[in-house]
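Trainee: Here are the chains, one letter per residue:
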Amino acid sequence: MMFRRTHALTASLLLGLTLALAQAQVPAEPAAAEAKPAAGANAERAAGTAEAHPLLNSLGNARAWRSYKARFVTDQGRVVDTANGRISHSESQGYGMLLAVAAGDRDAFQRIWNWTRANLMVRDDALLAWRWEPDKRPAIADVNDATDGDILVAWALVEAGEGWADEGYRLAARRIAVDIARRTVLFRTEGPPLLLPAMSGFSAEDRPDGPVINLSYWVFPAFPRLAAVAPEFDWDRLGTTGRDLVLRARFGQAKLPTEWISMRDGQPQPASGFPPHFSYNAVRLPLYLAMAGIGDRRYYEPLLALWSEPDPAGLPIIDTANGSVAGRMAEPGYAIIPALAACAVAGAPLPAGLQEPAADENYYPATLHLLALTAANMRYQPCLGR
Amino acid sequence: MPRPLNPLRAAGPVLLAVVGSLGWSASAAAQPAPVRTGVLQLDERRGAVILDTPQMSGGAEIIDESALRFYAAQRQGERVQAEIARLRRRHPNWTVPADLDTLKPSPPEEAPMWDLFTAGRFEELRTAISVRQSTDPGWQPSEDLARKLNRGTLRSAARAAVRDGAWSDIIARVKASQEPVQNLDIDIAWTLAEAYARSGDLTQASAVYRTLLTEQTDSGLRLATVQKAMAAMPIASVEPLLAIGSRDADGADEFRAIRLDVTRARMVAVLHGGQAGRIEPAELAALGEQARRLGNPAQIALLGWYAYHRRQFREALDWFKLAQSRGGDAAVATGFALSLREMGQTREAEDVVFAWRASSVTNLALYIDIMERTLSESSGTAVEPERLDRFAKVVLATSSAEGAQALGWYAYNACQFDAAADWFQRAVGLKPRESAVLGYALSLSRLKRSRDYLEVINRYDGLFPKVVGLVFAEPDPQSRDTGPCGPAPAAAQPVAAAPAWVKVPKPTTAASIRPLPVLRGEFPVAVAAENPLRPGDGGAGPTRLRDGEYLREVRGAPLLIARRVVGVGPMPYERYGFALLPSWNGMDRASFLTGPPTPPVGTLAQSETGTLIQAGSSRPAQYRDGERFGPFDTAGAGRNEPRIAGQDR
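Chains as they are written, first to last, in this note's numbering: chain A, 2 to 387; chain B, 307 to 955.
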């Protein structure tokens, strides 16, 4: 709501409306003129590279990527969720594509993207069926989409399109981005726009406490990149809404967000029918904030408090209803998330032990670990001692 | 395109500068530039626009009078005169403040502190004060110094906040200073208002601007305040401030100098679905006249988009054509093509976006959409071979699933089943949606490639009822021998009578497919669940696999009985009593769906369902972004506003 016009004007700039007025109103992030696109400058490209933090080759750890590929990526390009029945989902494919770009591995990127489109793009729109299970007839388990997976895949395609100057990737990115914006974002409601977790199942028509959102589906670093291929939508406003919700969705004593949040009447509340937990989903929030270059302590405050003392048992899963520890994210790779948060907010160095990922972790913590290292290498090199 | 300036990044003082592209009326030009000390200097010759630049160069600037005021308070007449002369040299339009004689002298022991102050060394000044207080506990700086220090600190804090975007800091600092808004230096007050606006508190921001407009009598500063408000807030929040503007004896609005800026801001707001004041036909006409005179393609294009938004496509077309002739960019080409299409000149639209496809992915997508529509509508009319050729090349180069599928149906309907199968095979590798898989299966059936045909049908058992329906279809005597290509398989897609002489180019299929042997019968047959089709090498080049580079997967035995898929309707064989296994989450009944699910209320797609192309027509059932593309697609209101005649010109 608040920045509606200012941010909308970005789009008008992208569309070439160089209003004198608009010139005074370019929002803080993009410095479009400084962009250095891979091939052929134009306005659309410029917006995406605005922050000049391209993902390509930003992982900086070839060994970790080789190990990741050998453990989770098949030669067909399927990214396997090893802790979850060896299934795949749009999220795992999107993460795999992002990491392949970050590792500068075009062959792997092409394999993963080929598999993704050939197996998950079974819907009539450009979104992806979210769940795929091996040795089933048919392998698709659910044709609903998951917007985090959709966003991750589209974002990876934008990065690949620019990094490797490939118009086909950019075209595919645009198709997905357009359908995310048109079919899963509540742009035409009172109040700020909300990103639904999927096209079906979470809206006000579908649930008494709907719309229900998942804040960890707001992939903050992706939004300015999607704006590069689908400039007619107000991604900036969507991101602003998400950041605002990070500040508002704080439940219980611990003031932590739950995984699933009801936005009935515009007030964030833990959604009914889901455990009111801060858990595996929401743990990605600080990762995405840091990847987007957001270092303002306010966004991280309750997380920094939660993680103030390192706990060898693993990151706690918090029941926001009573503040109790409901479980542990036990694999050691998760510890990169608190470290990255402290790095983004206060420049704290990443512990040396976290700079080399373990070779025996499951898909999810291993993925978050590599993404966090990518973020650190891309934006917070002093935390890596560089 | 001029380089967009970024006010939030810039660290320098607030400057008013001039953007050369805007002409101004003679009345504005005739006004003397208002000049005030310590503040700003407006060049009204042409449209003033608020800009920030890091350097103190050009335009106007804040004039530092602190030294002058210090000498005056100390009654150091010679130095006062020297400083006045210096300031006049540097700032020719500067005038001597009237209150120099009334300034109270500060105590002599403050002299070194004033030196620190005039040097901007506030931290050292604060240290000096506390050092002094440690030796002389009752000592306080003079009121003048304390206030100046406070403001100086505020100013540097404001600059830092603007630079870092730390808006909450500046708000907190001003609050802590306990200065009422009207006592703040005006540039600090502007920064405060902007801070409120940037952090989402438009009410507070408006209140600050309103206070300034109420208290401030200087016309230049009043105008600048409105411009500041326009830069920081949506025009809807600026409208009440505009209404504060006074009218002179002739009834002329005091803010008329920026009326075209206001009109433009209102148009942009309307295009984005926001609220805005009424756009007067006279203002729109003036804007059009100015745009034509200056020939700036971006400004002309704004008029084009505004006309397009109001569905005045003829006028939109004229504006975009003009913008193109003045060097318009890829976005102008988009508007041009969309307007052409709305005017029924699809062929011309196609050529425009084809020519501009490389400079914007929007135009590339629009080109493919236009061709897709053209091919699906081309029943009975030939599409020239060179148009087909250039489209096929683009489809191959960009791995467009939509394009491959469109070429597949076009070839199929032209009875070129070989080409159809090739294009559909690509489409199924790129995006195996039901319509592509159906086309592929039908083409394979026509070509009597029964093993491939059965493999495809079995792979999508449980997922695509129409595809599975091919092997369960009742023979329909009506459909026999009636199509243009001879006997058709059951349940064929609506076939347009395409002329057989159109040669559809074939893609070069790079993928090698090793179909599984058919185990028994037609259906069910055990097939691998993974889709083996690939669109070719995709530009990455084939790479030899190193041992252990990728995860080796052990596949289980393919299954014969399908399970339910969440979100999919009943399978055709269920009517014969065959059952499916439960879905992954235990559901054992078909999803209650008669077609693809619709997007939720509140999405852009849902708000346009009235114009959705219905499934079952020969046109693509799903949205293509190009079908509904608008440059300002988040626009909420006004799409169907009644046309107001004569408003554009």
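Any given hint might turn out to be false.
[Claimed, not checked] Below 30 Å or equal to it, Euclidean Cα-Cα: the simulated DSBU-like pairs (lysine-lysine) are:
no.	chain 1	residue 1	chain 2	residue 2
1	B	Lys-772	B	Lys-627
2	B	Lys-481	B	Lys-410
3	B	Lys-772	B	Lys-754
4	B	Lys-481	A	Lys-256
5	B	Lys-754	A	Lys-137
6	B	Lys-772	A	Lys-137
7	B	Lys-754	B	Lys-699
8	B	Lys-812	B	Lys-754
9	B	Lys-627	B	Lys-809
[Unchecked claim] Quick list of simulated restraints, FRET-style, between CB atoms:
no.	chain 1	residue 1	chain 2	residue 2	range
10	A	His-54	B	Asn-489	41 to 51 Å
11	B	Arg-381	A	Leu-305	50 to 60 Å
12	A	Pro-313	B	Arg-469	50 to 60 Å
Source of the hints: derived by calculation from the structure; they are not laboratory data.
Just so it is clear, CB atoms sit at the ideal spot from N, CA and C, and this is done for glycine as well.
Trainee: Are the hints correct? Go through all of them and say.
Mentor: Here's how the hints hold up against the structure:
no.	hint	result
1	Lys-772(B) x Lys-627(B)	violated (45 Å)
2	Lys-481(B) x Lys-410(B)	holds (27 Å)
3	Lys-772(B) x Lys-754(B)	holds (19 Å)
4	Lys-481(B) x Lys-256(A)	holds (27 Å)
5	Lys-754(B) x Lys-137(A)	holds (28 Å)
6	Lys-772(B) x Lys-137(A)	holds (20 Å)
7	Lys-754(B) x Lys-699(B)	holds (28 Å)
8	Lys-812(B) x Lys-754(B)	holds (19 Å)
9	Lys-627(B) x Lys-809(B)	violated (35 Å)
10	His-54(A) x Asn-489(B): 41 to 51 Å	holds (42 Å)
11	Arg-381(B) x Leu-305(A): 50 to 60 Å	holds (56 Å)
12	Pro-313(A) x Arg-469(B): 50 to 60 Å	violated (42 Å)
The earlier numbered hints that this structure contradicts are 1, 9, 12.
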